[in-house]
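What follows is the residue order along each chain.
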Amino acid sequence: MNRHISVGEKMGTLPSAAYHCSPWLHRPRATRSGLSPIFPRLTTVLCLALLGAVAVSAASIGPLPQGKVPPGKTLMVIQPHHDDHTWQYGFGGLIAKMTAAGYKGIYVRVSNDEKDGGMQNGWGANDKSNYEDAIAATKNLGIGEVISLNWRNDHMSSIPHVELRDQLILLVRKHRPDVVMSYHPWGNYDRNPDHRKVAWAVGSAVWLAGFANVRPDHEKLGLKPHQVPFKYYSQRSDYGRGYHPNIFIELTEEDVARKALSYRLHKIRVSAGAGRHTRELLDARGLKIPELEGLSDEQASERLQEMLMYWTSSQSGQDNGVRYAEVFYFMDEWHGVPGLESYIQQNAVER
Amino acid sequence: MNFLKQRMTTTLLVASLLLVFGSSPAAAADKKVVLVITADASDYILAAGGTIAKMLDAGAEGYLVRVTNDDKDSWDLTPEETARRTREESEQAAKILGFKEVESLGYRAGELGGVSPTELRDRILFYIRLYKPAVLFIPNPYAEYVEVLDRFYVGQAAEDARRAASLSNYQPPFAVVGLETHVTPELYYYAQPFDPRRREAESTATFVPQPKALDIASTFDKKLRAAQALKTINHSTAMRIKDRLESTDRRLPLLDEINEESVNRLVEINIHKLAEIAAKDTEHSQAEEFHYAGVEYQIPSKYLQ
Ligand SMILES: [Zn+2]
Numbered sequence: 000m001n002r003h004i005s006v007g008e009k010m011g012t013l014p015s016a017a018y019h020c021s022p023w024l025h026r027p028r029a030t031r032s033g034l035s036p037i038f039p040r041l042t043t044v045l046c047l048a049l050l051g052a053v054a055v056s057a058a059s060i061g062p063l064p065q066g067k068v069p070p071g072k073t074l075m076v077i078q079p080h081h082d083d084h085t086w087q088y089g090f091g092g093l094i095a096k097m098t099a100a101g102y103k104g105i106y107v108r109v110s111n112d113e114k115d116g117g118m119q120n121g122w123g124a125n126d127k128s129n130y131e132d133a134i135a136a137t138k139n140l141g142i143g144e145v146i147s148l149n150w151r152n153d154h155m156s157s158i159p160h161v162e163l164r165d166q167l168i169l170l171v172r173k174h175r176p177d178v179v180m181s182y183h184p185w186g187n188y189d190r191n192p193d194h195r196k197v198a199w200a201v202g203s204a205v206w207l208a209g210f211a212n213v214r215p216d217h218e219k220l221g222l223k224p225h226q227v228p229f230k231y232y233s234q235r236s237d238y239g240r241g242y243h244p245n246i247f248i249e250l251t252e253e254d255v256a257r258k259a260l261s262y263r264l265h266k267i268r269v270s271a272g273a274g275r276h277t278r279e280l281l282d283a284r285g286l287k288i289p290e291l292e293g294l295s296d297e298q299a300s301e302r303l304q305e306m307l308m309y310w311t312s313s314q315s316g317q318d319n320g321v322r323y324a325e326v327f328y329f330m331d332e333w334h335g336v337p338g339l340e341s342y343i344q345q346n347a348v349e350r
Numbered sequence: 000m001n002f003l004k005q006r007m008t009t010t011l012l013v014a015s016l017l018l019v020f021g022s023s024p025a026a027a028a029d030k031k032v033v034l035v036i037t038a039d040a041s042d043y044i045l046a047a048g049g050t051i052a053k054m055l056d057a058g059a060e061g062y063l064v065r066v067t068n069d070d071k072d073s074w075d076l077t078p079e080e081t082a083r084r085t086r087e088e089s090e091q092a093a094k095i096l097g098f099k100e101v102e103s104l105g106y107r108a109g110e111l112g113g114v115s116p117t118e119l120r121d122r123i124l125f126y127i128r129l130y131k132p133a134v135l136f137i138p139n140p141y142a143e144y145v146e147v148l149d150r151f152y153v154g155q156a157a158e159d160a161r162r163a164a165s166l167s168n169y170q171p172p173f174a175v176v177g178l179e180t181h182v183t184p185e186l187y188y189y190a191q192p193f194d195p196r197r198r199e200a201e202s203t204a205t206f207v208p209q210p211k212a213l214d215i216a217s218t219f220d221k222k223l224r225a226a227q228a229l230k231t232i233n234h235s236t237a238m239r240i241k242d243r244l245e246s247t248d249r250r251l252p253l254l255d256e257i258n259e260e261s262v263n264r265l266v267e268i269n270i271h272k273l274a275e276i277a278a279k280d281t282e283h284s285q286a287e288e289f290h291y292a293g294v295e296y297q298i299p300s301k302y303l304q
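First to last, the protein sequences are chains V and Z. 0 is the number of the first residue of the first sequence in numbering that gives the first Met the number 0; add one for each residue after it. 0 is the number of the first residue of the second sequence in numbering that gives the first Met the number 0; add one for each residue after it.
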């Protein structure tokens with residue numbers, strides 16, 4: 000997710016460059032039961048300390064209709080950065096459910112993530128390391144392939160929209176996904192320009208991939224037009240006007256643990272530097288989290304990361320009457336014909 | 000002193016705004032001009048065709064600016080043939096609704112993301128200054144979940160064009176050739192009902208378009224016939240639905256055979272349902288819904304008191 004520090008950035012406290020999406024880290028092998036005793040207190044402290052100035056949730060969330068794994072064989076997750084698939088507001092739980100249900104998963108990582116990491120080993124090293132982590136993390140969710148488009152991280156605003164869109168159309172026609180997931184093309188207040196750029200290109204690609212007259216040259220490769228029937232979009236839903244999700248997906252304890260592990264597999268998310276930075280922020284406000292006392296910076300950041308993952312999943316769950324959930328904006332197969340949707344649903348029969 | 004000065008300023012401002020709106024050439028003319036901007040051949044008909052037809056029936060003069068050439072929306076036709084047929088069909092449809100003229104700008108459909116927004120704005124600005132409309136219909140660029148992104152680009156450019164058309168520092172060469180500035184008093188933002196939050200009012204301190212549902216019972220048939228005239232696009236829609244259903248071992252009995260009759264029936268179902276969706280929770284049985292910005296919504300409320 001690459002330096003969309005959302006909360007602190009808004010408060011003007013966290014540096015927007017060189018650090019990463021969030022300073023919260025994960026504790027290895029922690030389970031819900033292991034976390035429970037300190038969980039509410041910790042999250043309260045965290046909220047007060049670090050979310051304090053943020054006006055919570057202009058978007059009123061839930062209870063929403065419950066979403067299910069849709070029928071299909073292939074899912075394609077298209078995101079700008081190595082870790083966007085599985086962060087707190089990402090798709091990790093749903094991806095895990097879908098691959099468990101038999102879906103083949105493909106991750107399209109649009110940028111090279113060269114800025115996500117320190118300068119000590121150079122940008123190339125960041126690219127390589129983040130790419131390897133993306134493979135490990137998506138594999139943990141059941142995804143078998145990572146396709147990196149190698150656009151320069153944080154230089155994506157100047158990519159020609161149509162060029163990026165056409166790359167995605169090519170991949171959509173090749174892999175013929177039943178499901179596409181991405182950042183939300185109509186979301187508000189995602190201040191990461193890579194996110195906005197990719198989300199809009201994805202919205203454009205899924206709209207046009209089904210029309211034979213768009214990039215008719217693809218036909219020469221034997222690639223037919225493909226309509227993507229199901230789309231899931233997400234970004235922070237509790238951030239400014241964010242977006243208004245329209246479904247929730249219930250997650251089990253195992254789903255959350257798997258999602259959290261995937262996030263932790265992105266090493267940059269659990270670095271000592273991130274833990275140290277969070278503690279400095281707390282110190283500056285005269286605050287401390289007792290549960291982090293005695294932990295190394297790296298352990299502390301892992302712990303915090305996991306708290307946030309469970310906290311977010313649990314908040315979405317509470318909003319929707321279950322223990323854990325993810326929320327999304329879901330567009331189903333007849334979204335494009337609102338006047339025909341109910342007629343088709345009522346009158347379509349098996350062949 | 001300050002109070003008096005403020006009151007005087009307010010009065011002057013309101014008076015000048017009303018003067019501008021009230022004295023636009025279009026408003027002064029016998030025929031009220033309605034200018035409709037659309038990204039593609041079908042969107043404005045499905046979202047606003049009934050309302051537009053009603054205004055034209057009542058004596059207004061209608062002009063349509065169709066920005067793209069719709070060359071993608073067909074089944075088994077080349078882009079060139081699609082563009083040719085759709086142009087013809089969109090002109091027939093506009094005629095049914097009562098338009099006087101259709102201007103097709105010819106941009107390739109689906110490619111507006113690569114077109115300069117300023118270029119697009121200035122193309123539309125030209126027609127605003129040329130026709131001096133009293134009423135402008137534009138795609139709502141704030142409507143979410145409209146997957147046909149051309150509608151967003153056109154809506155944004157058209158909204159910008161409306162403002163720029165009223166200011167002399169935009170496109171000074173136009174003034175040289177007689178295209179003077181023009182303020183369009185009434186603005187309708189239209190969109191098909193993709194956005195579940197479409198009935199929430201847009202609201203800022205100075206510009207407050209309001210949700211508005213209008214009865215279209217008297218022009219429903221015209222709207223339907225206009226929509227049915229878009230044969231190429233309708234056939235494409237029917238084929239896409241059938242293709243999706245077949246790829247998942249389903250079928251829609253209506254589309255077992257795709258011919259003029261079944262496609263027209265599909266369009267009829269669509270138009271009926273869209274009118275029903277827009278009429279929901281209103282006093283109408285068949286309606287269209289807009290975000291509407293008339294004169295009173297363009298003057299900050301504090302100046303109206
Ligand atoms: Zn990112």
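Since the hints were made in silico from the structure, they are not lab data. Note that CB positions come from ideal geometry on N, CA and C, so glycine has one too. Take the hints with a grain of salt, since some may be wrong.
Claimed, not checked - Here are some of the chain V residues that sit facing chain Z, going by a computed Cβ distance under 10 Å:
hint, residue
1, V205
2, W206
3, N212
4, H276
5, R278
6, G285
7, I288
8, H334
Claimed, not checked - Distance condition first, Cα-Cα at most 30 Å in a straight line; then the derived DSSO-like pairs of lysine-lysine:
hint, chain 1, residue 1, chain 2, residue 2
9, Z, K211, Z, K94
10, Z, K211, V, K67
11, Z, K30, V, K103
12, Z, K241, Z, K211
13, V, K223, V, K138
14, V, K266, V, K127
15, V, K72, V, K219
16, V, K127, V, K173
17, V, K219, V, K266
18, V, K287, V, K138
19, V, K223, Z, K30
20, V, K72, V, K138
21, V, K103, V, K219
22, Z, K30, Z, K94
23, Z, K99, V, K219
24, Z, K241, V, K67
25, V, K127, V, K138
26, Z, K241, V, K173
27, Z, K241, Z, K31
28, Z, K241, Z, K279
29, V, K173, V, K67
30, V, K223, Z, K241
31, V, K72, Z, K94
32, Z, K99, Z, K241
33, V, K67, Z, K230
34, Z, K99, Z, K30
35, Z, K279, V, K219
36, V, K103, V, K223
37, V, K67, V, K223
38, Z, K272, Z, K230
Next item on the list: Verify the proposed pairing of K223(V) with K30(Z), using a straight-line Cα cut of 30 Å.
Entry: violated, 50 Å
Notebook entry, point to check: If you draw a straight line from the CA of K30(Z) to the CA of K94(Z), is it 30 Å or shorter?
Noted result: holds, 18 Å
Check: Straight-line Cα separation of K287(V) and K138(V) no greater than 30 Å?
Finding: violated, 36 Å
Notebook entry, point to check: Given the proposed pairing of K211(Z) with K67(V), does the C-alpha separation stay at or below 30 Å?
Noted result: violated, 35 Å
Note to self: Check whether the Cα positions of K219(V) and K266(V) lie no farther apart than 30 Å.
What the structure shows: violated, 42 Å
Next item on the list: Mind checking the alpha carbons of K241(Z) and K211(Z) for me, to see if they're no more than 30 Å apart?
Entry: violated, 35 Å
Item checked: Holds or violated: K127(V) to K173(V), with C-alpha atoms at most 30 Å apart -> holds, 26 Å
Item checked: 30 Å Cα cutoff - pair K266(V), K127(V) -> Holds, at roughly 12 Å.
Next item on the list: Starting from K72(V), check that the Cα of K219(V) is at most 30 Å away, please.
Entry: holds, 25 Å
Checklist line | Pair hint outcome, K211(Z) versus K94(Z) [Cα-Cα no greater than 30 Å] | finding: Holds, because 26 Å separates the two Cα atoms, which is no more than 30 Å.
Checklist line | Hint consistency between K99(Z) and K219(V) [alpha-carbon to alpha-carbon, up to 30 Å] | finding: violated, 43 Å
Note to self: Holds or violated: K72(V) and K138(V), Cα atoms, limit 30 Å.
What the structure shows: Within the cut-off at roughly 17 Å; holds.
Checked against the numbered hints above, the structure violates hints 4, 5, 6, 7, 10, 11, 12, 17, 18, 19, 23, 27, 31, 32, 33 and 35; every other hint is satisfied.
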